[in-house]
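J.: Listed below, chain by chain, are the residues.
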Amino acid sequence: MNGKYRFMLAALPLAVVIGLSGFFYDRLGKDPGELPSALIGKPVPDFTLPGLDEGTPGLASADLRAGTVTVVNVFASWCAPCRIEHPMLSALAKVPKIRLVGLAYKDKPEATRAFLGELGNPYALIGADVTGRVAIDWGVYGVPETYLVSPAGEIVWKHVGPLDEAVIRGELLPRAEKLLK
Amino acid sequence: MLAAALLLSSVPALAIGVDEPMADPAMEAKAREISRGLRCLVCQNQSIEDSNAPLAADLRHIVRERLAAGDDEPAIQKYLVDRYGDWVLLRPPLEPATFALWFGPFALLALGAGIILWRRRRPGIEPEAQALTAEERARLDSLLKDEDPA
Chain X
828 MNGKYRFMLA ALPLAVVIGL SGFFYDRLGK DPGELPSALI GKPVPDFTLP
878 GLDEGTPGLA SADLRAGTVT VVNVFASWCA PCRIEHPMLS ALAKVPKIRL
928 VGLAYKDKPE ATRAFLGELG NPYALIGADV TGRVAIDWGV YGVPETYLVS
978 PAGEIVWKHV GPLDEAVIRG ELLPRAEKLL K
Chain Y
41 MLAAALLLSS VPALAIGVDE PMADPAMEAK AREISRGLRC LVCQNQSIED
91 SNAPLAADLR HIVRERLAAG DDEPAIQKYL VDRYGDWVLL RPPLEPATFA
141 LWFGPFALLA LGAGIILWRR RRPGIEPEAQ ALTAEERARL DSLLKDEDPA
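The listed protein sequences correspond, in order, to chains X and Y. According to my numbering, the first sequence is numbered sequentially starting from 828. According to my numbering, the second sequence is numbered sequentially starting from 41.
Treat the hints as calculated values from the structure; they're not laboratory data. Here the structure is a predicted model, which is why all the values come from computation and not from measurement. Here a beta-carbon is modelled for each residue, glycine too, at the ideal position from N, C-alpha and C. Some clues are possibly wrong.
Covered, in the sense of this in silico footprint (three residues per stretch, anywhere, with C-beta under 8 Å from a C-beta of chain X), are these stretches of chain Y [as the list claims (entries may be wrong)]:
1. 68–75
2. 106–117
3. 139–149
To be clear about the criterion: a stretch of chain X counts as covered by chain Y if any three or more of its residues have a C-beta under 8 Å from a C-beta of chain Y, and this derived list gives those stretches [what the hints assert, rightly or not]:
4. 931–941
5. 957–969
Taking CB as the label site, the calculated pair distances span [said to hold, decoys possible]:
6. Y:Ala147 x X:Ala993: 38 to 44 Å
7. Y:Pro132 x X:Pro978: 50 to 56 Å
8. Y:Gly144 x X:Pro914: 42 to 48 Å
9. X:Val844 x Y:Leu151: 18 to 24 Å
10. X:Tyr852 x Y:Ala147: 22 to 28 Å
Just chain X, same shape as in the assembly (with noise of 0.2 Å):
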């Protein structure tokens, strides 16, 4: 046994410690059950919403088709973390050239209604999911959810949980912008 080929077998465990450590700290403080989406860079799946009550319109593909860089948020008045991520929708909905729109997740659109009274609406448009059919196609797994879409309908980008600053000026907004170009 020479040597080098002594050093070589020496030197193994910590390569592999070397190896592993750069693993685990690339993983540090992510959330292991966040899943990536199947639907990123694919269209919007072809749907139709009702509104949270008649004579409001509701949502459908063709509205994430109008041009426009569209932020869908999912959300319900029985989802804990909506509540604390509404202040920052109530921000993102005065950004210029974005239009936010929410899709009310397995709710009662009296309730989804109450919701909205007390904290206020951000969105330009709503529509009624009440038995999670549309969301399935959405490939919601948890609320809340933000989807990104461009001007063509594409989506872009996906946020799960509840939308802090951090996401939204590091990950939303510059999306945002580079589809705006």
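Dock chain Y against the given chain X, drawing on the hints supplied.
T.: Then chain Y, alone, in the frame of chain X:
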């Protein structure tokens, strides 16, 4: 008509449909078999068959609905993979991205076996202990003498 109305009223308000067995036992067995292979997205280490999450109930309903419509297992799996990605399958598909997952353990086993065989074929690598030279013997003796037991 009345029966239909009664049936509709039994549907839970905030679910896609009722979560009840199919009429045909063979179809129901098939539905359960498919559901056991699908991951619940909410409680991620359970199948939708085992989970009580509302989303799992909705997905079970969709499995039965598509089965009743004549879809086979690959078609139903594709329907869900299109929406939720490969992650929804509890058994990962065999494709280039998962080759390491499927073949990695066997590759490591073969590597280990290879190293053992390689080392066995080269015996006597460890040098034999050699007898001391006269010089070394003299030095050892003097060192031992130095150590005074008293």
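J.: Determine for every hint whether it applies to the structure shown.
T.: Results of checking the hints against the structure:
1. 68–75: violated (count 0)
2. 106–117: violated (count 0)
3. 139–149: Per the Cβ count (0), the hint is violated.
4. 931–941: It holds, with 3 qualifying residues against the three required.
5. 957–969: holds (count 10)
6. Y:Ala147 x X:Ala993: 38 to 44 Å: For Ala147 of chain Y and Ala993 of chain X the Cβ distance comes to about 40 Å; the hint holds.
7. Y:Pro132 x X:Pro978: 50 to 56 Å: violated (36 Å)
8. Y:Gly144 x X:Pro914: 42 to 48 Å: holds (46 Å)
9. X:Val844 x Y:Leu151: 18 to 24 Å: holds (19 Å)
10. X:Tyr852 x Y:Ala147: 22 to 28 Å: Distance hint for Tyr852 of chain X, Ala147 of chain Y holds at roughly 26 Å.
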